[in-house]
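Peer 1: Just so you know, the sequences run in chain order Y and G. Take our numbering: the last position of the first sequence gets the number 457, and nothing is skipped along the way. Take our numbering: the last position of the second sequence gets the number 457, and nothing is skipped along the way.
Just so you know, these hints were derived from the structure itself, not from any lab. Warning: the hint list may mix true and false statements.
Copies of the same chain look alike in the list, so a pair counts if it fits in one copy or across any two.
[What the hints assert, rightly or not] No more than 27 Å apart at the CA atoms, straight line, and that leaves these computed lysine-lysine pairs for BS3-like:
hint: 1; residue 1: Lys267; residue 2: Lys251
hint: 2; residue 1: Lys379; residue 2: Lys251
hint: 3; residue 1: Lys382; residue 2: Lys218
hint: 4; residue 1: Lys294; residue 2: Lys405
hint: 5; residue 1: Lys436; residue 2: Lys218
2 protein chains.
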Amino acid sequence: MEVFLALEKNFYFSRMLASFEEHIDKHFPFLRQARLLIAISGGIDSVVLARLCDQSGMKIALAHCNFHLRGADSDDDEEFVRKLGTILNAPVYTQHFDTRKYAAEKGMSIQLAARELRYAWFGRLLGEGKGAYLLTAHHADDSLETFLINLSRGTGIEGLSGIPAVNGKIIRPLLPFSRETLKGYLLEQQWTWREDVSNSDTKYLRNKIRHQMVPELKSLSPDFLKQFGRTQQHLAECGLIVENYIEGLRKDLFRQEGDRRIVAVDKLEQLHPQETCLYYLFREFSFPVAEIQKLLRAMSGKKITSEKFIMVRDREHLLIEPIAQEETGASYFFITDDIREIGYPVRLLFSEGDNDVINPGNGVTIDKDKLNYPLKLRKWEKGDYFYPLGMTNRKKLSKFFKDEKVPVLDKNNTWLLCSGDAIVWVIGYRLDNRFKVTAETVNTLKISIHSEAKNEN
Amino acid sequence: MEVFLALEKNFYFSRMLASFEEHIDKHFPFLRQARLLIAISGGIDSVVLARLCDQSGMKIALAHCNFHLRGADSDDDEEFVRKLGTILNAPVYTQHFDTRKYAAEKGMSIQLAARELRYAWFGRLLGEGKGAYLLTAHHADDSLETFLINLSRGTGIEGLSGIPAVNGKIIRPLLPFSRETLKGYLLEQQWTWREDVSNSDTKYLRNKIRHQMVPELKSLSPDFLKQFGRTQQHLAECGLIVENYIEGLRKDLFRQEGDRRIVAVDKLEQLHPQETCLYYLFREFSFPVAEIQKLLRAMSGKKITSEKFIMVRDREHLLIEPIAQEETGASYFFITDDIREIGYPVRLLFSEGDNDVINPGNGVTIDKDKLNYPLKLRKWEKGDYFYPLGMTNRKKLSKFFKDEKVPVLDKNNTWLLCSGDAIVWVIGYRLDNRFKVTAETVNTLKISIHSEAKNEN
Chain Y
1 MEVFLALEKN FYFSRMLASF EEHIDKHFPF LRQARLLIAI SGGIDSVVLA
51 RLCDQSGMKI ALAHCNFHLR GADSDDDEEF VRKLGTILNA PVYTQHFDTR
101 KYAAEKGMSI QLAARELRYA WFGRLLGEGK GAYLLTAHHA DDSLETFLIN
151 LSRGTGIEGL SGIPAVNGKI IRPLLPFSRE TLKGYLLEQQ WTWREDVSNS
201 DTKYLRNKIR HQMVPELKSL SPDFLKQFGR TQQHLAECGL IVENYIEGLR
251 KDLFRQEGDR RIVAVDKLEQ LHPQETCLYY LFREFSFPVA EIQKLLRAMS
301 GKKITSEKFI MVRDREHLLI EPIAQEETGA SYFFITDDIR EIGYPVRLLF
351 SEGDNDVINP GNGVTIDKDK LNYPLKLRKW EKGDYFYPLG MTNRKKLSKF
401 FKDEKVPVLD KNNTWLLCSG DAIVWVIGYR LDNRFKVTAE TVNTLKISIH
451 SEAKNEN
Chain G
1 MEVFLALEKN FYFSRMLASF EEHIDKHFPF LRQARLLIAI SGGIDSVVLA
51 RLCDQSGMKI ALAHCNFHLR GADSDDDEEF VRKLGTILNA PVYTQHFDTR
101 KYAAEKGMSI QLAARELRYA WFGRLLGEGK GAYLLTAHHA DDSLETFLIN
151 LSRGTGIEGL SGIPAVNGKI IRPLLPFSRE TLKGYLLEQQ WTWREDVSNS
201 DTKYLRNKIR HQMVPELKSL SPDFLKQFGR TQQHLAECGL IVENYIEGLR
251 KDLFRQEGDR RIVAVDKLEQ LHPQETCLYY LFREFSFPVA EIQKLLRAMS
301 GKKITSEKFI MVRDREHLLI EPIAQEETGA SYFFITDDIR EIGYPVRLLF
351 SEGDNDVINP GNGVTIDKDK LNYPLKLRKW EKGDYFYPLG MTNRKKLSKF
401 FKDEKVPVLD KNNTWLLCSG DAIVWVIGYR LDNRFKVTAE TVNTLKISIH
451 SEAKNEN
């Protein structure tokens, strides 16, 4: 993962081309010989990238996605890119997507859907030999915006280390340059571009960050982007050192027998700092660190599961195995932020930004921002309580089941969806009042029970 | 270094005391038995800290600094703290400082001077047995503010890892709590406090961050401070892992003979990631990483110095020794951001925020924010050029010396102050135009030649 420093602030726009070529020759000399696919929207950043590559004598082709999200504007963007291809004498590839439909089907946000569609298509183009590398126009301001978004969501060192300059066949050669520099050069060269109207809309998180927060941050120091670039490079390198260190630990600690990984509890107990070491050591299995820590103190036989793995406390060891779906006897199941569907122990579908009111027996719509991931599915335990929807006082779950006249067998087959220690939903019965959608809710999450019987597809 | 998580956002102020006591008992149980010195200004944060400790039954004394920076207001603060001492039946220690004079003498900012005076006095109080620990009222918002300040200045992982909860005898038990929580509890308890008028003045960096940036950041996510606390804890732990890793490297790489440290160049060349490894390995000597990297590729005999050390390339090794002041033959001298005075090879004094116009032969006043630290002192080299003050074109240094009719001997004895590759000041002759003070200058730095002959003290 490489991050490059932002250039001097007294940057003369007319020196942009020379700086760009220096940057290419120093870090990506192989781009000079190859056919390059430029991911192009028609906006300032990607137009400058395509034109700089052309001015540098590189062989380019343009790849444009039409997401059909802004009506005629989307088609005008496509037309603009086609004309640019003619001017630059470069092949143009375009692809049309029904982004809204795809997002709805996958239960994901429009932005995420567009991203998934875009990179899948770029991958196909590379696979078909339309280019040896894909170039994107991410720049220094994008890195700062991503940093702030990740900061607001809670992230580790990876999320703060910047957008990688090289990621497989994807290269980002504009990362050292600021948005201001790119725009200045474009204006100086009198190039045209397409304004993306959604960009000036501050209702989206990224636009709020771009138009309100980033200018404030830059005003803190005359060299802010440059200093920030250094910080990101340092963090990225610290991240590599941590990976090296953990790799050494992993070799010492884990023993493999077939599909099973075995690790001694006493060695995990001695790790320092424990939380971060456990996080990296077990990251591939998607167990929450706090639950691993509980397992370190648990009795033999205690189990937890993630989407694909089960971990069992077995005397002085932890055993980790891939789940054989039918036979898991685990009592806890974890649901991470990116999961859209689970099949066991209850079949649940998750869709974000979906406000449909649904039958409380079949599903709930909740305030997503109140959740702490990963969510946990478990059976009820003695002493459990929650705040039934519409009530401000807590109620013991045993009392709730009694009042609702739930048969013992059903009660013992009922799953609870939990966020941290709090019950979010007594599945099939009642939502917790603390997680309901209110006037202040920004992001919603719909969770529906999807039994085979009810599935009409 | 410990960082604790911010509490739930649906925090009831009346639960503050219980949460505070839980936090004390979990992380600092030893505070229960000791006499505690509370660093108290009279503002909300320190008043809440003192009163919480009192409500929890801890034995406290109050330590108040009167910096005499706000006239009668400063004395009223002191009076307020004395009365609070009577109410809480706690001893009150106060100290008066002539902060402005101290700052002027030391050539440092008022804030830095106040900090230095404050902690020196606290140290004396602890030394005299007035308390076993010093408690300060830093809270979650302070951590976020410090993070942003460090981000704007360029920092490594340490600068992003938060204010330490324990630092020797100094304990900060309010770090998990937000400013809002502390203020809410204070209002609920109907306690009085002293408003610090300088706090609402946004001309200072920290106040700009506090009143403009932090509210924006918090609005990005309903749980921002909590997520941010997690991120900081993770970064602090990654920092520890990096330290562990580097400690292992250091043992492998460095050999000591008397005062001399010896390290093989080929082993340094193999380090990955090189920049961060070099940074931590050589941090104690204050050599800039870029210069160490140049020395890795330099010929035998090449030398660099920092304030206290000299590093020499000696065939396949680097040798590092403490400087014997008189005998250094190094060609480069580095000046870090915190140095206020150097004695060799030229005697220079540095004072920030000082706008006195001075004789260009004896000193210069420059735009500090245009400097990249560490600065470098070196002799002139063939091909050197700069932008003499008042000129927009560059001029070769050889031509400059010729035009100024500088004798050969003086020319060869002239030192250049450099920032990165740029010459800032041909010492004793001319400032570079790029570094002059302009209407946009925010921070100034005065550098004066302080020859023994001119020194009248």
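Peer 1: All the hints need checking, so say for each whether the structure fits it.
Peer 2: Here's how the hints hold up against the structure:
no.	hint	verdict
1	Lys267 / Lys251	both (13 Å within a copy, 24 Å between copies)
2	Lys379 / Lys251	neither (36 Å within a copy, 52 Å between copies)
3	Lys382 / Lys218	neither (54 Å within a copy, 37 Å between copies)
4	Lys294 / Lys405	neither (34 Å within a copy, 79 Å between copies)
5	Lys436 / Lys218	between (38 Å within a copy, 21 Å between copies)
Checked against the numbered hints given earlier, this structure breaks hints 2, 3 and 4; the rest are met.
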